[in-house]
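Based on the provided sequences and hints, a complete structural model is requested.
So the chains spell out like this:
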Amino acid sequence: DGGITQSPKYLFRKEGQNVTLSCEQNLNHDAMYWYRQDPGQGLRLIYYSQIVNDFQKGDIAEGYSVSREKKESFPLTVTSAQKNPTAFYLCDSSGGHNSYDEQYFGPGTRLTVT
Amino acid sequence: QQPVQSPQAVILREGEDAVINCSSSKALYSVHWYRQKHGEAPVFLMILLKGGEQKGHDKISASFNEKKQQSSLYLTASQLSYSGTYFCGTDRYSGGGADGLTFGKGTHLIIQP
Numbered sequence: 001d002g003g004i005t006q007s008p009k010y011l012f013r014k015e016g017q018n019v020t021l022s023c024e025q026n027l028n029h030d031a032m033y034w035y036r037q038d039p040g041q042g043l044r045l046i047y048y049s050q051i052v053n054d055f056q057k058g059d060i061a062e063g064y065s066v067s068r069e070k071k072e073s074f075p076l077t078v079t080s081a082q083k084n085p086t087a088f089y090l091c092d093s094s095g096g097h098n099s100y101d102e103q104y105f106g107p108g109t110r111l112t113v114t
Numbered sequence: 001q002q003p004v005q006s007p008q009a010v011i012l013r014e015g016e017d018a019v020i021n022c023s024s025s026k027a028l029y030s031v032h033w034y035r036q037k038h039g040e041a042p043v044f045l046m047i048l049l050k051g052g053e054q055k056g057h058d059k060i061s062a063s064f065n066e067k068k069q070q071s072s073l074y075l076t077a078s079q080l081s082y083s084g085t086y087f088c089g090t091d092r093y094s095g096g097g098a099d100g101l102t103f104g105k106g107t108h109l110i111i112q113p
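Going line by line, the protein sequences match chains A and B.
Counting from 1, one number per residue, gives the positions in the first sequence under the working numbering.
Counting from 1, one number per residue, gives the positions in the second sequence under the working numbering.
Keep in mind the hints are simulated off the structure, nothing from the lab.
Nothing here was measured: the structure is a model prediction, and the numbers come from that model.
For glycine and all other residues, C-beta sits at the position ideal for the given N, C-alpha and C.
One or more of the hints may lead you astray.
[What the hints assert, rightly or not] DSS-like, lysine-lysine: derived pairs with alpha carbons at most 27 Å apart:
| id | chain 1 | residue 1 | chain 2 | residue 2 |
| --- | --- | --- | --- | --- |
| 1 | B | K59 | A | K57 |
| 2 | A | K9 | B | K105 |
| 3 | A | K83 | B | K105 |
| 4 | A | K57 | B | K26 |
[As the list claims (entries may be wrong)] Partial list, derived from the structure: chain A residues whose beta carbon lies under 10 Å from chain B:
| id | residue |
| --- | --- |
| 5 | P8 |
| 6 | F12 |
| 7 | E24 |
| 8 | D30 |
| 9 | L43 |
| 10 | Y48 |
| 11 | V52 |
| 12 | Q56 |
| 13 | K83 |
[As the list claims (entries may be wrong)] Computed footprint of chain A on chain B; a stretch qualifies when at least three of its residues, placed anywhere within it, have a C-beta under 8 Å from a C-beta of chain A:
| id | stretch |
| --- | --- |
| 14 | 38-51 |
| 15 | 101-113 |
Below is the structure:
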């Protein structure tokens, strides 16, 4: 079955530690995205990549980093510079290069930093 | 420029209809609608495109008024499974490229038996 996987589902870290969230897709999609969701809020775009070896900052990129070395994978690192890292992180992908292509979300990773 | 959704919340009896609105302060190329259940990822419902094309769910309809920069989602004869939070997403840039979406804060829909 084609889809997007994110791991782990729940992640706990101490303040000051970097943590990397995994996102893998086997849909052969070119574009991949990372969003963050806080309680009672909509999703906010962190980073996105339209093609391998290229990525752009979204609306709230500070304190985060990404890489896109393979088409299937788009890991997100939450660094110690991110002031409020506790959130629900969602990865999604899109098959085309247009805003009207359907986007499919992975199941998400809930990160708690104490 | 985050789109504005209304109402913030609505409670219905099963079988009743609901309308959820999404307004933007900038020109839109496409509007995406998602439903999210508590603790889960958003699920794609529909895309509406400038020019009138729609892609998506066969039991949910929507409209897109380009001039007013608004979209509305129509849920008719609501079922218990329709409960959740509905989000609209609009293009970050008006050109229609794959640059990600800007989402509204959501509309909470509760369907009671």
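Quick rundown of the hints versus the structure:
| no. | hint | in the structure |
| --- | --- | --- |
| 1 | K59/B / K57/A | 36 Å, violated |
| 2 | K9/A / K105/B | 23 Å, holds |
| 3 | K83/A / K105/B | 22 Å, holds |
| 4 | K57/A / K26/B | 21 Å, holds |
| 5 | P8 | 15 Å, violated |
| 6 | F12 | 17 Å, violated |
| 7 | E24 | 15 Å, violated |
| 8 | D30 | 8 Å, holds |
| 9 | L43 | 5 Å, holds |
| 10 | Y48 | 5 Å, holds |
| 11 | V52 | 14 Å, violated |
| 12 | Q56 | 7 Å, holds |
| 13 | K83 | 20 Å, violated |
| 14 | 38-51 | holds (count 7) |
| 15 | 101-113 | holds (count 6) |
Of the numbered hints listed earlier, those contradicted by the structure are 1, 5, 6, 7, 11 and 13.
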